[in-house]
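Those protein sequences? They're chains G and Y, same order as listed. Under the numbering used here, the first residue of the first sequence is numbered 671, with each subsequent residue one higher. Under the numbering used here, the first residue of the second sequence is numbered 671, with each subsequent residue one higher.
Quick caveat, the hints were computed from the structure, so don't treat them as lab data. Each hint should be verified, as a subset may be incorrect.
Remember, identical chains collapse to one label, so a pair may be satisfied in a single copy or spanning two.
[What the hints assert, rightly or not] Here are the simulated DSS-like pairs of lysine-lysine, each with C-alpha atoms no more than 30 angstroms apart in a straight line:
hint : residue 1 : residue 2
1    : Lys728    : Lys784
2    : Lys747    : Lys728
3    : Lys740    : Lys728
Note that this is a predicted model, so its numbers are computed, not measured.
Number of protein chains: 2
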Amino acid sequence: MREAVQAYFDLFNAGDGAAIAALYAEDAQVIDPVGTEPKLGMAAISEFYAVATQGGTKLERTGPTCIADKSAAFSFKVHVAGIKPEDTAIDVALPTGPMIIDVIDVFDFNDDGKITQMRAYWGPSNISQ
Amino acid sequence: MREAVQAYFDLFNAGDGAAIAALYAEDAQVIDPVGTEPKLGMAAISEFYAVATQGGTKLERTGPTCIADKSAAFSFKVHVAGIKPEDTAIDVALPTGPMIIDVIDVFDFNDDGKITQMRAYWGPSNISQ
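With the sequences and hints as input, model every part of the structure.
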């Protein structure tokens, strides 16, 4: 789980959305942010990361991976270079221009080490410009 | 939610377990760490925090409160002064002596601003001595 989390950052910052999607189980869910409609299954998740890794967005780790049972939680900052709102993979309104978003993600894993659900905790109050 | 999270830290570090329990709804659940049996309801939660705030354990925030929908996630370090294992409120084996534990908590809230579920993400790999 610890290796999968580090791979998530490395692959995201390399812009490799397809390799990130491969960290997930076929029937996984991505809920980003929590409260929005889940992305269900590999096709939706692949599309999500293909869009999310466009435009120079980078992730910066800000703490260790906290592992409990079959879950891993970790904090990070999203450095958004300046995506257009219509290009975002996220189903919430974002300001235009560069921004930094403080996020905590939780991954649940199956016995094969694949992510079955991702929940991203962040909202408008976590965006700084 | 942001104020409730800050109150949680302030009250914990003041050793006021009863006031922490009052942040919870009557039928709330505490799952600490994730994967162990939930503490269900106010009596169990009050007992949990009465024990947890004994022995000089202190919480140190290490990042912002990430708020999504009706949930708040946040990272911190638990500074354990040197509790005896039999005095712990946690249903997992801990080493003896002083230790620091990296934790991420997630709180779910109801419409009254009370915590309905707490999930604590940490495990043996997050303990340093």
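Against the structure, the hints:
| no. | hint | verdict |
| --- | --- | --- |
| 1 | Lys728 - Lys784 | within (23 angstroms within a copy, 35 angstroms between copies) |
| 2 | Lys747 - Lys728 | both (8 angstroms within a copy, 26 angstroms between copies) |
| 3 | Lys740 - Lys728 | both (26 angstroms within a copy, 27 angstroms between copies) |
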